[in-house]
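S.K.: Protein sequence lines correspond, in order, to chains U, A and B. The opening position of the first sequence corresponds to residue 1 in the UniProt record's numbering, with each subsequent residue numbered one higher. The opening position of the second sequence corresponds to residue 1 in the UniProt record's numbering, with each subsequent residue numbered one higher. The opening position of the third sequence corresponds to residue 1 in the UniProt record's numbering, with each subsequent residue numbered one higher.
Calculated directly from the structure, the hints in this document are not laboratory data. There is no bait here: all hints are sound.
Since the list gives no way to pick out one identical chain from another, each pair is judged satisfied if it fits inside one copy or across any two copies.
Calculated lysine to any residue pairs in the SDA-like style (CA-CA distance at most 25 Å, straight line):
| id | residue 1 | residue 2 |
| --- | --- | --- |
| 1 | K56 | H264 |
| 2 | K56 | E395 |
| 3 | K17 | L292 |
| 4 | K129 | E43 |
| 5 | K54 | L392 |
| 6 | K295 | V26 |
| 7 | K295 | A447 |
| 8 | K56 | D399 |
| 9 | K56 | L392 |
| 10 | K439 | T296 |
| 11 | K406 | H186 |
| 12 | K54 | D65 |
| 13 | K406 | G390 |
| 14 | K353 | G429 |
| 15 | K56 | N396 |
| 16 | K17 | D300 |
| 17 | K54 | H264 |
| 18 | K355 | I428 |
| 19 | K131 | P403 |
Every value quoted in this text rests on a predicted model; they were computed, and no experiment measured them.
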Amino acid sequence: MDGIRNICDRPKNTNIKWSLPAVCFVWQLSMIILFGVFVRYNEESDTHWVDYRKEKNITSDIENDYYFRYPSFQDVHVMIFVGFGFLMTFLKRYSFGAVGFNFLVAAFGIQWALLMQGWFHSLDYTDGKIKIGIENLINADFCVAGCLIAYGAVLGKVSPVQLLVMTLFGVTLFAVEEYIILNVLHAKDAGGSMVIHTFGAYYGLSISWVLYRPNLDRSKHLNGSVYQSDMFAMIGNLHYILLLDCTLFLWMFWPSFNSAIADHGDGQHRAAINTYLALASTVLTTVAMSSLFEKTGKLDMVHIQNSTLAGGVAVGTAAEFMLSPYGSLIVGFFCGIISTLGYIYFSPFLEEKLKIQDTCGIHNLHAMPGVIGGIVGAISAAAATNTVYGDLGLENTFDFTGPFAKRVPTIQGGYQAAGLCVALCFGIGGGIFVGLVLKLPIWGDPADENCFDDEIYWEVRQTCIKATQLKIHSDS
Amino acid sequence: MDGIRNICDRPKNTNIKWSLPAVCFVWQLSMIILFGVFVRYNEESDTHWVDYRKEKNITSDIENDYYFRYPSFQDVHVMIFVGFGFLMTFLKRYSFGAVGFNFLVAAFGIQWALLMQGWFHSLDYTDGKIKIGIENLINADFCVAGCLIAYGAVLGKVSPVQLLVMTLFGVTLFAVEEYIILNVLHAKDAGGSMVIHTFGAYYGLSISWVLYRPNLDRSKHLNGSVYQSDMFAMIGNLHYILLLDCTLFLWMFWPSFNSAIADHGDGQHRAAINTYLALASTVLTTVAMSSLFEKTGKLDMVHIQNSTLAGGVAVGTAAEFMLSPYGSLIVGFFCGIISTLGYIYFSPFLEEKLKIQDTCGIHNLHAMPGVIGGIVGAISAAAATNTVYGDLGLENTFDFTGPFAKRVPTIQGGYQAAGLCVALCFGIGGGIFVGLVLKLPIWGDPADENCFDDEIYWEVRQTCIKATQLKIHSDS
Amino acid sequence: MDGIRNICDRPKNTNIKWSLPAVCFVWQLSMIILFGVFVRYNEESDTHWVDYRKEKNITSDIENDYYFRYPSFQDVHVMIFVGFGFLMTFLKRYSFGAVGFNFLVAAFGIQWALLMQGWFHSLDYTDGKIKIGIENLINADFCVAGCLIAYGAVLGKVSPVQLLVMTLFGVTLFAVEEYIILNVLHAKDAGGSMVIHTFGAYYGLSISWVLYRPNLDRSKHLNGSVYQSDMFAMIGNLHYILLLDCTLFLWMFWPSFNSAIADHGDGQHRAAINTYLALASTVLTTVAMSSLFEKTGKLDMVHIQNSTLAGGVAVGTAAEFMLSPYGSLIVGFFCGIISTLGYIYFSPFLEEKLKIQDTCGIHNLHAMPGVIGGIVGAISAAAATNTVYGDLGLENTFDFTGPFAKRVPTIQGGYQAAGLCVALCFGIGGGIFVGLVLKLPIWGDPADENCFDDEIYWEVRQTCIKATQLKIHSDS
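Generate the whole structure from the sequences, applying the supplied hints.
M.R.: Pasting the structure below:
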């Protein structure tokens, strides 16, 4: 019971009584003011829709973008708030921090994202207002996803205030990077392999690198899955089933993630099919690798819980393209292998050699597959042909219209690759900058020996008392 | 292990062997007969839809109401059966009762609701039949939601038979109240702040007031969250994560709840946006208040698990209106504060002074936010202008047609307020009446010392035996 | 702690280090090759959709089949991967195997199903390619559902390799059986009472019969719900809540299951309503029976967790038909009774007399309700009249077109009954054959005393060590 006793008489050095409420109130009030000044409904969510329908000869309400995107939006929403949060609950004593702060960060992030992305993408120049609809909500969720991925790298080592700061900067950087990649370079990235996963992962890894804690091993006894915890097998099992449950929700809803903002009609349809296939193929190779690299050929839950998702990340950019079903299977095939190897060999190397402490192993689940996704996207874009896409199809899929009417697939491939580089630069550069900001000693982050411990920021006193009583019970 | 031992040799005084099966069989048979006499498919779910399409010149099957509402319906369904049920599983030994009886009550309630609401809203006078479609299913779920909210106040203190009686009356009262508010007063209440939350909450609180148990403290050792339970911290954590999981499902799907029966097109679209924003804003103020009112600035899970939902309740009535994005943020802002304060200060006052034992604190999550929602609805309706809504938009949003063609926004505001009063009267009046019915000594409800205990109505004997064995193990 | 100790020093006789990875890699590679040769996008998921729309005068992208079926598809996906998997996690030490292998089997099965069903249903004879869209994804999930039902009968007694073999054959048999029933006999089976549930259940039961293990009682201490486990009541509760949660997800999403591939418009609409009602009615009779057959009238979670779903299975075939609301209630009414009685009386008989070891009791949840569903379908088809359906409606519902233009309802009823027989024959015949294949001593299946134990195939060593340490702790 030592573990339990020493969390009870552990020193508290992280009072956020004033800073956290202050930040929450001030930021929420600023959101209200900024929304009051800038944000309005767009023509599809405004009561003027009835007039708009008339003048645009839209035959039915069902053609409102809401009905094209709402089902995918709800699935994405589940992935952001439950999926990402619960995937981080594997630590022995940090489940509240994982889910609770994920919740707080996301709730703030989506508001700031609506503004930042709105200024870049949905600003109505006639009246200087941001006009929002369902697609903006999805993009806000996507933007926050980038920050939550980054959270995975610093999980348990930062204070909620630091997280909010990290999100403020993260969302801002994301919006700029996204604007450059999608609008300036005119690259396509429906599932966000580059914009979301590559950026988010390297943003988090760079922050973690700057915030390197040499003495983190002092709280190593808390950094580890429930499986090395001094609890009954049964509890470990239950916890692992919960984790697998959330992995499955991410796995099942990933087709919605990659198709949520794809083109209406065949675009969304194809994105869902490609993701469905890539993910299925990843599962088999992950299981194979996991069994192959364990002495006795047994399966390791950690691989099943993480690497099975890599295929969805890697097919993100190309999901909309005519990747073709077997193409998706191939992408998934290799991502399952690479991601699992990452957990076995690369993560330890990352920590010992590169001094990057990646709590959740986001490098294996988001960074590497994200980069692969960008490359796959560039290649499949460069390889696009009129025979496969059809003249009209090619124009629709890559939006070769207006200023980009002259662009051809090979050139598009180049711009896709450029987009990947932009995502990497923003991720690494932004991460180092924000990391330095977070190094300031004003954020109430935990000492090395208190990392990975809910006790610092959550009211869990009674538990200790009771657990100690239990100790007495079981001794008596 | 005392806690475990004494639930094993606790007296059983609550045999429902005959009453429960009898009630279930009789009521289900009556449902079959009444459905046989009254309920048929409506023109959109009947095979005659193909003819109907032709004569109404509907160009595509996709314009069937099913495709407008089914995705929201499924989300609402999840909220009713999982969300509401699991939000009540925080008691140490009453999780079966919470989820299991929630399931039973809802399954019966939706059938009775289809009939009651059908007679008032979907009766086809040509043949005297109730014609049902997807919207009726959603409304039935909504109706049941009112009764499940009420269940939250009496959780652990009533027998399943009492619950079924409570639901029978609750659904009946709901249907009448809903008819008066929506049809007679012609008030709008898409998200049901008044019709569902205000009514349901005061219905439950009044019942709980009538059924006041002075000696409830005898089972107080069972009334409390798993956190004061004599179990390992780890189990408490797992349990709390499960609770937070269900909170998140309610939080994520609330936009579907408020938009499910809103007007096609911009109505549903706007309702989803407003709810999304209100809920985001609530999270930040809830976190701020929770941290502010704890000695050391730590966060209390109980607040995060409940108050973060208040914004969704409070924006229910006005969700369809042109509340504007910042309006939604403001509503959410204040609800997070008020609801959290409710848990800190008002709940104790309610129990000690007003003798209302509110097991789940529905007063803070449904009653207060519901009333706020009604007021917000009245104000925003009264403030509606043609410039903001557009002539056509104003007419569509408030259905100023037929007998109500002459009505203007200011008048509408008055009727909205009147609707709120009706909901309060039906909730309190109906609750007191049903409470008196439930006081009859024929329902097999538990004695004061047996409240909050699954052992009374569920087969959990083995557990005790085994747990005692375990005690022996750990002693040996 | 004996239980925990002896799983640590239990003999390992089931090395799958080479067989499992080999099978996974080889099969996944074959999938890639076969997909490369055969599978392409169909006209609704291909970039040529824009041209297709033009030539077919489709007014809007919203009429792409994706928008008719995607929401139901996601719900079905959740049922297959979470619902079916978690419903099997009731064993003391086999939760990893239940969910993990369910995941593996499903991920492989859907790929093989896309090919097998594609050859039979979606082959484009102009270019010999299989053209897939959202409906194929749903059908692949359905096909896998059959195999997962079968898994329920042999849960804990087979190796992952055996499971994959079982799935390979199962999917193949399913595709042939489905082709005969739906295309040759032209029977209708929207919810798959016959095609999925009857076939899957008897396929699994026959395999289990062939693989009968006389000495299974040696691992009986592991075969049993967490409720007889030597763990705290609290953990048992948590585990049971998790189980009930997944039951509820199956229960809530069953309307999507039965309506997913029903006809556009009224077909899907009606299927959802019928399933919603049948399931509601099943809950009440299940509760009634459960209470009636317990000595003290208490409720048994096992019944609530399984029998409440029987109504959804039994209404599968007729869900599309004009079964009428009260008809659905009646079906659900009887299925609740029959299924609960099955768990109380029939399961023991099945094991002792017929030597069929049915781990999950699929006979009560899928076999019996499936057969009932087939019969209900046959009767309601035979009873169909032009007055009820309308001439056009009758033709649409039963596809009395082309070669079947002359068919009348009574005849259709006969063919429905024939379809049920085909499902039974394929299930039993195929099961016996595959069972004999799986009897070969090359599959690394566990010895009788090691059944129902994750330890054989999963890396759970630490737990044992730690749990033993804990033992020491609590002794000291």
